[in-house]
Structure formats: structure tokens, C-alpha cells
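Peer 1: Fit chain H to the known structure of chain U by using the hints.
The residues making up each chain are set out below.
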Amino acid sequence: AQSVTQPDIHITVSEGASLELRCNYSYGATPYLFWYVQSPGQGLQLLLKYFSGDTLVQGIKGFEAEFKRSQSSFNLRKPSVHWSDAAEYFCAVGANAGKSTFGDGTTLTVKP
Amino acid sequence: GAGVSQTPSNKVTEKGKYVELRCDPISGHTALYWYRQSLGQGPEFLIYFQGTGAADDSGLPNDRFFAVRPEGSVSTLKIQRTERGDSAVYLCASSSSGSLHEQFFGPGTRLTVL
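Going line by line, the protein sequences match chains U and H. If you're matching positions, the first sequence starts at 1 in our numbering and goes up one per residue. If you're matching positions, the second sequence starts at 1 in our numbering and goes up one per residue.
Pulled out of the complex, with its shape left as it was, chain U reads as follows (with noise of 0.2 Å):
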């Protein structure tokens, strides 16, 4: 059976700072995996996907994410965050047609 972990509940940084959500899965072959953010009442809207190809993606943004085979990762990066980015952040793997297993998020705020 396919899992997600995200590891850190609730992350803060400062504006401008770097940021990385960590995410560990478990799948018995190359997974999907993505990144989604989540906003307070709205929906879920998708920053990035890996599906094959070069382990680095890029999304929207401004956020990347690197897929590590030998540590089973899929971590969401931003090299300076601002304001508008805080959220909750979900790190999904997709199996078969389309259904996927999500973490259960990161929260993040950001300190001006």
C-alpha cells in the first residue's frame, strides 16, 4: 500500500528566508508524486509534478521539489519566501488510474 509522511506539522520562517517541507513515501514502484497548497477556503491547487525525467521539477511560484529514489523523498524547496505563501502544503503519490494518497500537511507561516 501506498503512504505519505510529511514529518513536520507546522513550519515558520521569515519573510525572505529559504524553506523546505520535507516528504517521504512509500510505493512499490516509480511513483507520481506531487506537491499541492492549500489556502484558508479554497481548494487545492497543484505548485508541481514529477512523473519521470529529471529528478528536479520545477512549479509555480517559484517552488521546486527533487525526487531522491534512495531516500524515498520528494521535498518541496523556495529559495526566499514571501508573505502570500503561507498555507498548508500537501505532498501526494499517485498509483494506478489516477488515485492518490496524500500527507497529512505542513503548515506554514512566515514572520515578517
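The hints are simulated quantities; they were obtained by calculation from the structure and are not laboratory data. Take these hints with a grain of salt, some might be off.
[As the list claims (entries may be wrong)] Okay, derived cross-link-like pairs now, DMTMM-like style, lysine to aspartate or glutamate, Cα gap no bigger than 25 Å in a straight line:
#1 H:Lys-11 x U:Asp-54
#2 U:Lys-111 x U:Glu-88
#3 U:Lys-61 x H:Glu-102
#4 U:Lys-68 x U:Asp-104
#5 H:Lys-78 x H:Glu-14
#6 U:Lys-49 x H:Glu-102
#7 U:Lys-68 x H:Glu-102
#8 H:Lys-78 x H:Asp-24
#9 U:Lys-49 x H:Glu-14
#10 U:Lys-61 x U:Asp-8
#11 U:Lys-111 x U:Asp-54
#12 U:Lys-68 x U:Asp-54
#13 U:Lys-61 x U:Glu-20
#14 H:Lys-11 x U:Asp-8
#15 U:Lys-68 x U:Asp-8
#16 U:Lys-49 x U:Glu-66
#17 U:Lys-49 x H:Asp-56
#18 H:Lys-78 x H:Asp-56
Peer 2: Frame of chain U, contents of chain H only:
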């Protein structure tokens, strides 16, 4: 429409009542998914439709939950004899047949069972 829409946005009901939640996917998307998101948790898969048929309903928690998609577009999630534990945000997503994994999510329906 431009995106996935869900109605109602909020639903308050009493324990034991029946509720229906509606999802209108992006036009042309053949795949439709329902997820449930409880407070402090990530979305949990319920059911997946490909066209009119349920391709995977392994996430439905029990037989009080049922979903239909009779014409391959709009879907309705039906919950019978609601319980307080059913309170959650119910999310719908859709994707195209050429990119099943790229799911576009609606804003959700917040269900509160009193």
C-alpha cells in the same frame, strides 16, 4: 465551466439525515474523484469514476456512502443516516483521460453533522 464546482459550499444537517453533495467537473474531463478531508488531515480517497462507472470505490468507508455519475459528467455523493463522524470537507477533483494523475480540485463542501 472554468473549473471544478461543488455545491453546496456548506451543509449543516442533523444526525440520521440523508445528504447529497454535488460535483460539476471541468468540461470534457472523463475522470472524477471524491476525497474526504477531516480537520488536521490530508484528503482521503473515497471513489473514482471513469466515465459513468465507478472504477475504484475502495475508499468508501461503509455502505452509507454511495456516489453516482449517470451521464459521465456531474456526480453526486450520497450519504445516508449521517453520523457526527461524517463531518468533514468533501472534495471533488477531475482529470482528463490523457493525464489521469493531473487532478484539478474543487473548493469542497463542508459538511457538519450535528
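Peer 1: Now tell me if each hint is right for this structure.
Peer 2: Cross-check of the supplied hints:
{"no.": "1", "hint": "H:Lys-11 x U:Asp-54", "in the structure": "44 Å, violated"}
{"no.": "2", "hint": "U:Lys-111 x U:Glu-88", "in the structure": "15 Å, holds"}
{"no.": "3", "hint": "U:Lys-61 x H:Glu-102", "in the structure": "18 Å, holds"}
{"no.": "4", "hint": "U:Lys-68 x U:Asp-104", "in the structure": "20 Å, holds"}
{"no.": "5", "hint": "H:Lys-78 x H:Glu-14", "in the structure": "15 Å, holds"}
{"no.": "6", "hint": "U:Lys-49 x H:Glu-102", "in the structure": "8 Å, holds"}
{"no.": "7", "hint": "U:Lys-68 x H:Glu-102", "in the structure": "21 Å, holds"}
{"no.": "8", "hint": "H:Lys-78 x H:Asp-24", "in the structure": "15 Å, holds"}
{"no.": "9", "hint": "U:Lys-49 x H:Glu-14", "in the structure": "40 Å, violated"}
{"no.": "10", "hint": "U:Lys-61 x U:Asp-8", "in the structure": "21 Å, holds"}
{"no.": "11", "hint": "U:Lys-111 x U:Asp-54", "in the structure": "33 Å, violated"}
{"no.": "12", "hint": "U:Lys-68 x U:Asp-54", "in the structure": "11 Å, holds"}
{"no.": "13", "hint": "U:Lys-61 x U:Glu-20", "in the structure": "14 Å, holds"}
{"no.": "14", "hint": "H:Lys-11 x U:Asp-8", "in the structure": "31 Å, violated"}
{"no.": "15", "hint": "U:Lys-68 x U:Asp-8", "in the structure": "18 Å, holds"}
{"no.": "16", "hint": "U:Lys-49 x U:Glu-66", "in the structure": "10 Å, holds"}
{"no.": "17", "hint": "U:Lys-49 x H:Asp-56", "in the structure": "23 Å, holds"}
{"no.": "18", "hint": "H:Lys-78 x H:Asp-56", "in the structure": "16 Å, holds"}
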